[in-house]
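Each step along the sequence shown adds one to the number in our numbering, with nothing skipped, and position 16 is 48.
No incorrect hints appear here.
Using 25 Å as the maximum straight-line C-alpha spacing, the simulated DMTMM-like pairs for lysine to aspartate or glutamate come out as follows: (1) Lys-406 <-> Glu-381; (2) Lys-162 <-> Glu-369; (3) Lys-246 <-> Asp-185; (4) Lys-393 <-> Glu-381; (5) Lys-246 <-> Glu-209; (6) Lys-340 <-> Glu-409; (7) Lys-393 <-> Glu-369; (8) Lys-393 <-> Glu-198; (9) Lys-212 <-> Glu-369.
The set of hints was computed from the structure by calculation and includes no laboratory data.
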Amino acid sequence: MKRFRPSREVIFLAALLLLLAGFGAFVALRQEQLNQAQQVFTPYSSHSSRDNGTLALYEWANALGYRAQRIENTAFGINDDTRLLFVFAPRIALEPDQTRQVLQWVERGNTLVVADSGGLLANGLYHALKIETTALPSSAAQNALSQPAADADIQALNGESYRGLETRREDVVPFMETEKPLMLRVTRGQGVIWILAAPALLNNENLRNPNNAKFARALLASAPPGSGIAFDEYHLGLKPQMTPSLLSVIYNTPWGWGLLFAAFALFGYLILNGQRLGRTIPVQKTLARRAPSEYVVSMANLFRRANKRGMVLQHYRRSLKRRLGRPFHLDPDLPDERYVELLTRMRPEIDRAELTQILNKLRRADTSEADLVKTVEQAVTFGTRNKASSE
33 MKRFRPSREV IFLAALLLLL AGFGAFVALR QEQLNQAQQV FTPYSSHSSR DNGTLALYEW
93 ANALGYRAQR IENTAFGIND DTRLLFVFAP RIALEPDQTR QVLQWVERGN TLVVADSGGL
153 LANGLYHALK IETTALPSSA AQNALSQPAA DADIQALNGE SYRGLETRRE DVVPFMETEK
213 PLMLRVTRGQ GVIWILAAPA LLNNENLRNP NNAKFARALL ASAPPGSGIA FDEYHLGLKP
273 QMTPSLLSVI YNTPWGWGLL FAAFALFGYL ILNGQRLGRT IPVQKTLARR APSEYVVSMA
333 NLFRRANKRG MVLQHYRRSL KRRLGRPFHL DPDLPDERYV ELLTRMRPEI DRAELTQILN
393 KLRRADTSEA DLVKTVEQAV TFGTRNKASS E
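Please take these sequences and the hints and turn them into a complete structure.
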């Protein structure tokens, strides 16, 4: 009985159908990823209607007759008719010239509200004003004003903060205090700057509280009726997009996907119809392979010569936080104080003092090699010891 041998055309057609099916699955998956990426809302963005957004404040300003506007998708700048500017928790650092532009705008008689609890990213405005943030020993869900901020009777405000404000300036007026000030008022030139260590005071969720709404209304009242009120979306990430690269266009657009499919189809055709370039050269059966330890030693020597001890410590610090927080979906990028508090709340058996001490050591950059090895060993041992109960 003669065996069936498919022709080259049949093989090519089958491969083409298989490629088409795989390409269709890729397109569907990639389109879903792009749709999900467009639905991500940045905290404290005036575009976000989620609890941690500020869309309610933006729409309220419009409803009161102000001309609310957003600084986004263009070079950073403040319009001449803007009398009040909100800067919430910047995710992109303010450049020195941008900081200087904002402060000069305030000096002309305008009002600036900076709401940022600080963290890994240094706030250029705080630096220029010689104000720092520091962790609080404890936090409260509500905080009362230490003195009136408006003619209205304002009771305790909703808005939890884990950091307070510190400054050596003598011209600041504290309006909310716990262990440290949470709200300061600074006069600069003819203008005023409000500094809030709790940006949550003005988010969508807390504006439902009548007292928070009264406080927000008092801030809005600092601008003349009908004037412009700006929300800084630029430093939340909505800055001008760079011209996309060719690789990005091919990977993220339908016509790019079509080019990929055509390239794969052409490549398959050439494989099936191409000719060998000479006789096959046999591969040696025994090949000397490098041991994985050689790679580890080589990378260690590179870091050692480059004096990148801080980079090594940051790697183990993030690895430890990711390992301990994975079962609870904790973000390893959270500030250490907040991360330790959340983790020990869900896992009381973890030694909070030991974990805090290890994270503080891993955050140091000026460490010796001996201290680095000792600190890394402590981090690995702590993570291994607590892994069994967390997974």
